[in-house]
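Q: Single-letter residue listing:
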Amino acid sequence: DGGITQSPKYLFRKEGQNVTLSCEQNLNHDAMYWYRQDPGQGLRLIYYSQIVNDFQKGDIAEGYSVSREKKESFPLTVTSAQKNPTAFYLCASSIDTSNTGELFFGEGSRLTVL
Amino acid sequence: AQSVTQLGSHVSVSEGALVLLRCNYSSSVPPYLFWYVQYPNQGLQLLLKYTSAATLVKGINGFEAEFKKSETSFHLTKPSAHMSDAAEYFCAVRAQGAQKLVFGQGTRLTINP
Chain A
1 DGGITQSPKY
11 LFRKEGQNVT
21 LSCEQNLNHD
31 AMYWYRQDPG
41 QGLRLIYYSQ
51 IVNDFQKGDI
61 AEGYSVSREK
71 KESFPLTVTS
81 AQKNPTAFYL
91 CASSIDTSNT
101 GELFFGEGSR
111 LTVL
Chain B
1 AQSVTQLGSH
11 VSVSEGALVL
21 LRCNYSSSVP
31 PYLFWYVQYP
41 NQGLQLLLKY
51 TSAATLVKGI
61 NGFEAEFKKS
71 ETSFHLTKPS
81 AHMSDAAEYF
91 CAVRAQGAQK
101 LVFGQGTRLT
111 INP
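So the protein sequences, as listed, match chains A and B.
Take the first sequence: its position 14, counted from the start at 1, is 14 in the working numbering, and no numbers get skipped.
Take the second sequence: its position 6, counted from the start at 1, is 6 in the working numbering, and no numbers get skipped.
Derived from the structure by calculation, the hints contain no laboratory data.
Please note that a few of the clues may not be correct.
Here are the simulated lysine to any residue pairs, SDA-like style, with alpha carbons at most 20 Å apart [said to hold, decoys possible]:
hint, chain 1, residue 1, chain 2, residue 2
1, B, 49, A, 42
2, B, 100, A, 58
3, B, 49, A, 95
4, B, 49, A, 96
5, A, 57, B, 97
6, A, 9, B, 40
7, A, 57, B, 1
8, A, 83, A, 15
9, B, 100, A, 67
10, B, 100, B, 45
11, B, 100, A, 44
12, B, 58, A, 102
13, B, 69, B, 30
14, B, 100, A, 59
15, B, 100, A, 56
16, B, 49, A, 102
17, B, 100, A, 61
18, A, 9, B, 39
19, B, 100, A, 42
20, A, 9, B, 41
21, B, 100, A, 94
22, B, 100, A, 102
23, B, 100, A, 38
24, B, 100, A, 50
25, B, 49, A, 31
Generate coordinates for the entire structure from the input sequences, incorporating the hints supplied.
A: Right, dumping it as structure tokens:
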């Protein structure tokens with residue numbers, strides 16, 4: 001089945017460590033996104049990419065980095081510079097960034113910093 | 001700038017009762033609007049979307065929403081709540097020409113037996 005796969009589903013990290021969250025899609029979508037979800041704050045955009053080898057900062061990009069070397073892959077690295085990394089992270093894709101294109105979401109990755 | 005406000009972080013209704021989840025948007029140009037549902041520890045699933053065609057939009061699971069430009073609203077309704085409707089619901093907006101989808105804070109729906 002076509003869809004978006006995020007891994008790992010749960011991840012624990014010590015303070016000061018970088019961690020990379022994987023996101024793979026087989027929908028042949030051009031655009032991919034990373035959102036952060038915290039209780040009561042909805043979803044906030046971290047980074048998005050419209051095409052391979054190109055990406056843009058979202059609203060809360062500080063302390064995060066991404067790459068888009070392949071169309072189907074958009075990994076997110078949470079660096080030690082991120083002050084409060086414990087959150088639920090959601091990856092999404094869309095056919096393109098046109099106005100009417102809805103987002104398709106993965107199952108999410110829950111990161112806990114110990 | 002575009003933004004969306006969901007009135008009520010928690011809504012509780014009885015099984016069989018009407019579900020009404022409120023969403024108001026702010027956009028300088030006509031927007032495209034979306035409702036998503038999220039079950040615990042899962043991703044978001046699209047319920048319905050408004051893309052400037054019919055103002056009354058029907059979605060999955062018996063939900064529908066009406067775009068009212070004069071009220072800048074896009075409220076989500078369902079005539080009769082089921083226990084399986086218990087989840088968190090997000091309204092989202094994208095203005096024409098904008099690349100980003102902006103989400104509301106979410107409304108947690110609880111269904112009482």
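Q: None of the hints should be skipped; say for each whether it holds.
A: How the hints compare with the structure:
About 18 Å separates the Cα atoms of residue 49 of chain B and residue 42 of chain A, which keeps this hinted pair within 20 Å; it holds. Restraint check for residue 100 of chain B and residue 58 of chain A: satisfied, since their Cα atoms lie roughly 8 Å apart, inside the 20 Å limit. Restraint check for residue 49 of chain B and residue 95 of chain A: satisfied, since their Cα atoms lie roughly 15 Å apart, inside the 20 Å limit. About 16 Å separates the Cα atoms of residue 49 of chain B and residue 96 of chain A, which keeps this hinted pair within 20 Å; it holds.
Of the supplied pair hints, the one linking residue 57 of chain A and residue 97 of chain B holds, its CA atoms being roughly 17 Å apart against a limit of 20 Å. The suggested pairing of residue 9 of chain A with residue 40 of chain B holds, with an alpha-carbon distance near 13 Å, which does not exceed 20 Å. As the CA atoms of residue 57 of chain A and residue 1 of chain B are separated by approximately 17 Å, the hinted pair is consistent with the 20 Å bound. For the proposed pair residue 83 of chain A and residue 15 of chain A, the alpha carbon gap of about 9 Å is at most 20 Å, so the pair holds.
Annotation: proposed proximity of residue 100 of chain B to residue 67 of chain A holds, straight-line Cα distance about 19 Å (limit 20 Å). Restraint check: the Cα-Cα separation between residue 100 of chain B and residue 45 of chain B comes to about 18 Å, which is no more than 20 Å; the hinted pair holds. For the suggested pair residue 100 of chain B and residue 44 of chain A, the alpha carbons sit about 11 Å apart, so the restraint of at most 20 Å is met. Our distance criterion of 20 Å between C-alpha atoms is met by residue 58 of chain B and residue 102 of chain A, whose separation comes to about 15 Å.
Proximity of residue 69 of chain B to residue 30 of chain B is assessed by CA-CA distance (about 9 Å); at most 20 Å being required, the pair is judged to hold. Taken as a hint, the residue 100 of chain B and residue 59 of chain A pair is honoured in the structure, with Cα atoms around 10 Å apart against an allowance of 20 Å. Taken as a hint, the residue 100 of chain B and residue 56 of chain A pair is honoured in the structure, with Cα atoms around 11 Å apart against an allowance of 20 Å. Our distance criterion of 20 Å between C-alpha atoms is met by residue 49 of chain B and residue 102 of chain A, whose separation comes to about 8 Å.
For the given pair, residue 100 of chain B sits about 14 Å from residue 61 of chain A by alpha-carbon distance, which is consistent with the 20 Å threshold. Distance restraint check for residue 9 of chain A and residue 39 of chain B: the Cα-Cα separation of roughly 15 Å lies within the 20 Å cut-off, and the hinted pair is therefore satisfied. The suggested pairing of residue 100 of chain B with residue 42 of chain A holds, with an alpha-carbon distance near 15 Å, which does not exceed 20 Å. For the hint pairing residue 9 of chain A with residue 41 of chain B, the CA-to-CA distance comes to about 9 Å; that is within 20 Å, so the pair holds.
Annotation: proposed proximity of residue 100 of chain B to residue 94 of chain A holds, straight-line Cα distance about 11 Å (limit 20 Å). A C-alpha spacing of about 11 Å is found between residue 100 of chain B and residue 102 of chain A, which places the hinted pair at or below 20 Å, so the restraint holds. Between the alpha carbons of residue 100 of chain B and residue 38 of chain A the distance comes to roughly 19 Å, so the proposed pair stays at or under 20 Å and holds. For the suggested pair residue 100 of chain B and residue 50 of chain A, the alpha carbons sit about 11 Å apart, so the restraint of at most 20 Å is met.
Restraint check for residue 49 of chain B and residue 31 of chain A: satisfied, since their Cα atoms lie roughly 19 Å apart, inside the 20 Å limit.
Against the hints set out earlier in the document, no violation occurs for any number.
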